[in-house]
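Q: Protein chains in written order, with the numbering used here: chain A, 3 to 289; chain B, 39 to 492; chain C, 2 to 278.
It is worth saying that the hints were derived from the structure and are not from the lab.
Glycine included, every Cβ here is placed at the ideal spot set by N, Cα and C.
Treat the hints with care, since some could be wrong.
Among the chain A residues that face chain B by a calculated CB cut under 8 Å, a handful are [said to hold, decoys possible]:
| # | residue |
| --- | --- |
| 1 | N42 |
| 2 | D60 |
| 3 | E146 |
| 4 | G235 |
| 5 | A237 |
| 6 | E252 |
| 7 | Y253 |
Pair by pair, the computed Cβ-Cβ distance ranges are [said to hold, decoys possible]:
| # | chain 1 | residue 1 | chain 2 | residue 2 | range |
| --- | --- | --- | --- | --- | --- |
| 8 | C | V25 | B | A393 | 54 to 60 Å |
| 9 | A | Y132 | B | T219 | 28 to 34 Å |
| 10 | A | Y132 | B | R200 | 25 to 31 Å |
| 11 | A | Y132 | B | K89 | 45 to 51 Å |
| 12 | C | P193 | A | D188 | 40 to 46 Å |
| 13 | A | V74 | C | V29 | 24 to 30 Å |
| 14 | A | D180 | C | V25 | 30 to 36 Å |
| 15 | A | T16 | B | A154 | 56 to 62 Å |
| 16 | B | G122 | A | Y132 | 49 to 55 Å |
Below, each chain spelled out in residue letters.
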Amino acid sequence: MRPDWRFWFLAPMTIALATVVLFPTGYLFWMSTQRWVITNPPRRFAGLDNFTRLFGRDDFWQAMSVTGLYLVLSTVLMVALSLGLALALAGTGRGVLRAIVVLPMVIPPVVAGFTWRFLLNGEIGFVGAYLLPMTGLDVNLLAEPRAALVSIVIADVWSRFPFMFLIFLAALQSIPRDLYEAARMDGANPIHEFLFITLPMMSGAIFVALLFRLVDTINTFELIYVMTKGGPGRATQLLSLFGWDMTFQEYDFGTAAALGVVMLVIATIGATLMFRRYQRSEREMSR
Amino acid sequence: MKLSTGLFSSAMLCLAPAAAFAQTEVNIVAFAPGFAWADLFGATGTEKTDKLLAFEAANDIVVNIEFADEETARQKVLLDLISGTGNYDLVMLGSDGAVQTFSYAGYLEPLDGYLASATDYFDPSAIYPQFLEANRVNGQLWALPYYSFGAGVIYRQDIFERYGITAFPTTTEELEQVLQTIKDGLAADGITDVYPLTMRGAPGEEPSLDLTGFVYAYAGQPAWFEGGAVTPEEIRETDARPTFTGDFRPGFETFVRWSQEFGPPGIATHTWVDMMNLYGAGKAVVLLPSAINGFAALGGTENEDVRNHTAFAPSPIGPSGQPIQSFWTFSVGVSAFSDNKDAAYRTLAFMTGEAAMQGFAETIGWPYSTFPSITNGPLLSAKWPAETLAAVEASYEQANPHYFPYIPELNAFMEQIGTAASEAISGTKTVEEALADLQGWADETMTAAGYYDN
Amino acid sequence: MSGVPLRHSRQLRIGRQVFLAAVVVFIVFPLVWLALASFKTRAGALAMPPELIFTPSFEAYTKISTGGVAQAFVNSFTIAATNVVLSLLLGVPAAYALARMRGKLQAHLSFWVLSIRLAPLFAVILPLYVLVSSAGLLDTRLALAMAHLTLTLPLAVWLLMTYFRSVPRDLDEAAMLDGARPLQILLMVVVPLSRPMLAAVAVIVFIFSWNEFLLAFFLTSRDAQTVPVMVAGLAGTMTFDWPLIAAISVCSMIPALIFVSFAQRHIVAGLAAGAVK
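Isolated chain A, as found in the complex (with noise of 0.2 Å):
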């Protein structure tokens, strides 16, 4: 390849990139080979050990499964709310309301965790101890186990919705207005509107929403670590809290490893899979 003006521009980029990512990564792969326990000092090489003791690990199993129950229930609530939001607050003379929404967003997650469990907490919450007890509903919601999980995916849902919301909105907003004129004309009602103007013209947007809600996914750690720990007993425990105890409980680096290498497997899949999408939208929607 001949080095044009692209390469130059994309060189730096690339090799800072690569420089804090190359080694860890290929370090982790190389762990994820090794019988590394801390408390058996010697490390040596385990092939495949690792990853067949691992699929072993009901534990392992269960937080694949709450992994994955949080990831369709908070993304679809998500979803829901930011493309309901973006439609309510489309069109101009909205900057305060705007403005508002967009605020959890500027909260660290630490502190939105906080907040919430302080919120839902069953003794001496302001939800969770006073307002929902007057409701007559009986439920700890941080301390029984499905309801830990309904709380944690709001609390996740309330801090990171407004990214989300943003891009709805902008791709809301960059509609061509003469699209739902022509429509109007022909007698169509919202519904109709929203079903084969809006919809169809934001699917991009709503495959890279997707993209970003499954990177944060396999990140999300502390608004839960500091809400549940993980509880209560495994209920809350997604695989990145299951591997930070592997880490720093169990001491056991080469299986966390491995874990780490079929989480990155897994998520590459599903970012494949959205991205082949949204590229395909976009070939459609520049015809």
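Position chains B and C against the provided structure of chain A, taking the given hints into account.
A: Positioned in the frame of chain A, the structure of chains B and C alone reads:
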């Protein structure tokens, strides 16, 4: 005048770098600023008090401490030790996992050889032997204890009297009946936000210190491995397999049942902070077996009843004749990768010696101290009733610091045990299921670690 | 001006108001509660039933001003600002190049850039720690800024790339006919046109870096500690000081809040014009 001032200043300037060269830096990471070593580092953990400055000057050492929360500190320690970077000379440990794991992994410096070198600060013969024992693995000493505690119960005497109980029960059987009486009494009075018992059930290693204490009281021995084996050598020699579905069960089951029946609804997520807050808010009647969290609650509470009617009782005795154990030391060790081990030990001795513990008693004032002279000294005697201090001292003597096995995998086990308890308490698994899964994990881990290869 | 669905029935409008009201409560309530908590005493904050009307106490805020908390804010700010500069410096040219490319190489490269964030952090923390430690850069703001780049640079490149695609090529070509070289085109034609988008990206990068926790947690100790790490640190101490955490959180929100309220309009305008067409 000006000339001499000028000469004086330039002389100081010349001396300063020279003095700096002679100083060794000792880096420490620990948790709880304003609590740990408040007499040295102040309420924010960022100052240097006169006491500390005097030590530094006398020994040509500069002490740099970094405070973080317990989890953070532990992880920083781990990363530093694993990568051998030696960024920290003194590392914070706990006697419930870190000391064992890290010593076996070769990350710590054995301290027996250093004990004689700083007796002016730390005199090993003047301390309660149990606290040193808790930091001995395979007979070697790996860390010195800072604040430490034994087992006991904190309870609300006024509520006990209200329901007709005049003395704190001495056995676990009696205690269970008392808890039921209180529960019924509270229900009859229509009180819904006060619970008979507060313990901790959060997943991870949180409940394990107390839970294993229950196990010990019910089985009479640690009951993790066949024959009560507690060291790697014993386990290997006797081929002792894990017995989590065996002798371990009674104590585990009691812990789970009491949590469910007598504890607050959220107990499966409670950490020691929640446990402490609940008691401090006047919402719990009994706190055990880590009574220290009750004393901590006293310090922060604004509830008059809690403050005036809290009493201490010895830990109840289980069916085996042993009391429910709880024993822990906040230990500090010397990193095997430190470049300044002598200076590090000297600093360690200073920070855990009698003067430091006296400072701890002054700033925090709990009835627990690692030195008999302080427990029985004027400061604590003025603050606490004599029976309390005597009972606290007795709890050390009745303690078996090795009430859980001292194996390298201890940390992983504590983590799994605690999570199993959390799952059982929250109802996601039955006691049988939780123990079966625990047993499976333990079998797999011990076998993979090569204990049973003969 | 581009599009918004036109007038709707009354039902839809009322439905919309209700929905918006509910959402606003959902968003604002925790924040208000947090702010209120920062003015309570430690025991007051845990009181049940919660005190809605109470005499404010400035305990928490005084603790902040007297404690060593300011350093964390300075660190967070410096790191985030450095990150913005680096992300733009490295990201703008790269995004432009990617925008003007077609074909497989472009697809592969842009995917690779995004996939960087797919590895879970707990798995790469040890090698990262070793890497930074052996470079002697542990607990420095520079190291953390560079580490954050792995998270923010891909984001910046992606957002900018899709935006630049919407800048018409004829502008490029016209400039080329005038003899301009690619760098000049970028700096003198494309960048000035993209100011809203650049502002948007700057704000987003700033916020991400400011809020980042895991990397900051491991790569810093005393000197370069950031605000989220400090907040987390407060939570595990012997006495849980909820008002203090709330106060620090309130303070930590302020810079980002200022940015966002200014730039909100630009963000949307920027994202609109091309982020997703």
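Q: What are the numbers of the hints that this structure violates, sorted from low to high?
A: none
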